[in-house]
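**Q** Please take these sequences and the hints and turn them into a complete structure.
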Amino acid sequence: MISYVIQRVLQAIAVMLAVALVSFLLFNFVGDPIDNMIGQDASIDDREAMREALGLNDPFLIQFGRFTGRALQGEFGISYRIQRPVSELIKERMPATLELVAVSAVLALLIGIPLGVYTGINRYSWISRVILTLSLVGVSLPTFVIGILLIYLFAVIWGVLPSFGRGEVVQLGAWSTGFLTVTGWKAIILPSVTLCLFQLTLILRLVRSEMLEVMRTDYIKFARARGLSENMINFGHALKNTLVPVITIAGLNIGSLIAFSIITETVFQWPGMGFLFIQAVGFADIPVMAAYLVLVALVFVSINLIVDVLYFVVDPRLRADKAVSAGNDN
Amino acid sequence: MAISERKGKPALGAIARALDSDIFHSFIHSPVTVISAVVTLVFFIGAAFAPWLAPFDSFDPGALDLMDAFTPPAWAEGGVPQFFLGTDDQGRDILSTIMYGSRVSLTVGFVAVSFSIVLGVGSGLLAGYLGGWVETIVMRLADVQLTIPAILVALMIDGVARIMVPFHLRDQMAIYVLILAIGISDWPRYARVTRGSVMVEKNKEYVSAARVIGVHPLFIMLRHILPNVMGPVLVLGTIGLALAIITEATLSFLGIGVPPTTPSLGTLIRVGNNFLFSGEWWITLFPSAALVILVLAVNLLGDWLRDALNPKLR
Amino acid sequence: MALLEVKNLRVEFPTRRGTLLAINDISFSIDQGEVLGVVGESGAGKSLTGAAIIGLLEPPGRIAGGEIWLEGQRIDGLDYKAMSSIRGARIGAIFQDPLTSLNPLYTIGRQLTETIIVHSGMSKKAALARTIELLAEVGIPAPDQRIDSYPHEFSGGMRQRVVIALALCANPGLIIADEPTTALDVSIQAQIIALLKHLCRNHGTAVMLITHDMGVIAETADRVAVMYAGRIAEIGPVREVIQHAQHPYTMGLMDSIPIIGHDVERLRQINGAMPRLNEIPNGCAFSPRCPRAMDRCFVDRPELMPTEQSGQAACWLFGEGNSDGGGDG
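Chains as they are written, first to last, in our numbering: chain A, 1 to 330; chain B, 1 to 314; chain C, 1 to 329.
Hints are all accurate, no fakes.
Derived pair list, reagent style DSBU-like, types lysine-lysine, alpha-carbon separation capped at 35 Å:
#1 C:7 - A:221
#2 A:221 - C:125
#3 C:197 - A:221
#4 A:221 - C:81
#5 C:197 - C:81
#6 C:197 - C:125
Derived coverage of chain B by chain A (criterion: at least 3 residues anywhere in the stretch with Cβ under 8 Å from a Cβ of chain A; other residues may be distant):
#7 138 to 151
#8 276 to 284
Away from chain A, derived, C-beta distances all over 10 Å, residues of chain B:
#9 33
#10 64
#11 74
#12 111
#13 172
I should point out that these hints are in silico values taken from the structure, not numbers from a laboratory.
These figures come from a predicted structure and were not determined experimentally.
Backbone N, C-alpha and C fix where the C-beta goes; we use that ideal spot for every residue, glycine too.
**A** Here's what the structure looks like:
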């Protein structure tokens, strides 16, 4: 078990280093950082002075080391566009994104898993068919279209919910939360529903297909042959076996939510990190982009690590094996 | 059925066999699938022949008349029959812009998917055939990339590549950058499937036999691997097309997709979004509907294809 | 009264291209405590028969006709709830692969106590004690320690013993054993068969032993039914059927089994192959491959009729007018 964890951690570090490298290259070699900072009319001497001061003439590895060191402390320089330290910007925007993602995750899991179980058990009922059809439509609706539709219905036509912003936020130390105000909650409804819809349909379909697979196994057949009741089979046996792989799904789901939050934040002008990133791309604001890259990579790598370990803990079969195969082929 | 009963011109025989096959059977008997296929075809034709079929040439500035701007759809108050779905802020006919927009969306989607397939199948072949560290690296890469949502990968690559392109070339290169980004974001699935197939074939005796005769085993394997892999790749590709279209639309909506000179459905939606609050809903909602219908149709086709080609369900 | 009576059972599969008849009018019975072997090639319908009896036919398969009687009660039309009270308690089942028959996420102790409680209403403690007893009975060493083990921690043979314990724990009168040894090593096969035989004799349990392995049948069964293309070709006491096969198909089967010590140039086989479900010929299904086929065989389908021995065969060789096993070529 320990060797497994160490293996995984080492891989995670390797990935992070690779991402840091890309980030670093972006920083120093795309366009000329000096140009970005002083502008193009500065004299050649001034530039040289700046280069020396910033350590841009030092060997590659030293620069990379310096960059990584700073990155580990959250230092990413100054945003070209806003002219404020990147780390400050990220700290400001993180609560917004995290709250949005949290609400969406809860919604997606709370609705998606039960629906998936239901449609797996009652395969042919008309309710299941309706749910499945809706889920197919859900997968085909791009997130931003959902957002626009919801805005149109609830903000333009009915005017009951706000179409942008977070509402009033309360500052709790470093964290600004929208959970403590009515306008805060009103503001988070549309974005979180938009964000969770895609995940919800995905979870629903995955849980359903897992459930269907499990229901066809020999051990379920044997359980029936032993005279176990329908309820015992569905909820005692099938459910447990279905939910084990769903743990991975839920974990990866969080990663997906972070990805799609970029879109949702843009549609609703939600002041989170995703929105910041898009604005940075439009403006070629490299420090922000580089920081976001590293941050996102960190999040994904951590999630994967945690999910891997969780899986190990939950599935007794894996504990016996020393060599764990690297994922299933779907 | 005895094969002898199907003599006759080979081509006709093949068509007859295809029409009699289980796949076609399940196709015809599923009304949803037939409708999806028809819808997709309609979009195709509309997009491919837009310059000839569209009522107006949306991008000819000379033909535009600002007096036509903000016309509602034909059935609403104030609408006129010639601008069936209304006009936008510059007087462009929405129906025509949708047709031209679909053209861009479909083109980018197709080319991106083809790129994914070539990249994915190619690397899967290499990984499976060469084995060793090549295989480890490729498959690990695929695994890692699969844990990141495709849209994020596309976003990152697009964002970064954009910055690397010199400013004055940005618009020109935007489409290529976009196709590259979307293409790279989806290769792992094809790689996995292909490598799996290679692994299965690699250990068969005919490969060793081929080596003995002197024929390169790779050629023989391709002859056997490709047919096996065709089915799953087709299914993945159809669903991948839907995904590519959505990704392109999303990136264009965010402003980092196709350049403004060749708007896709995503761009149209983005532009139209500005007028949602002032009441000109048709400018954004019709392109949105078109996008959704197209993606839904492709997804349904992919769903049917997957069920039809799944040996377990036959 | 026989324990199990199957009358004119028909099982069909509706498919897109039409309905396939997988079991075409079979009738047989099993008495208390007797072991009936059911042999046949893959696809002959043996497993389906077992599935139909215990009510676990997989959709779209369904019983299209006939009757199944258990101890004088008709069971073929019952709903899921009614059948589930019969399953385990009155009819048990054992399947081929012991690894996939057990839920990998639950200990075997849990799976056993659960089944016992469902059927007997015992307390958890009592059920646990019974579980340990059962495990000892099927030959699991140190059962009190192994109740906390997971299925993957057992070897194949041990797993099948657990499966047998599970099937027997509610004391059913009939066990349907579907290829119970096919997935096991040959050396383990003998042990498991001996165990099954021993336990069933002790508990007075009847067994419907489905297999394609004649050797197992010879060792274990009292009577044997030979199935072909969804029908019973021959049925009778085991000794007789093996040593004095009556139906040409059975004769071909027996002939094709090589005898150790006898040198042969080529292995004997029956020419041709069993027809697919949608290509079953008119008349007797075996007629195209039968060396003794008569004109009548291609037209009329033979029902089971008495043979020279004490069993029955579905063959026109034993029809009226043919009192001797010969008859015109």
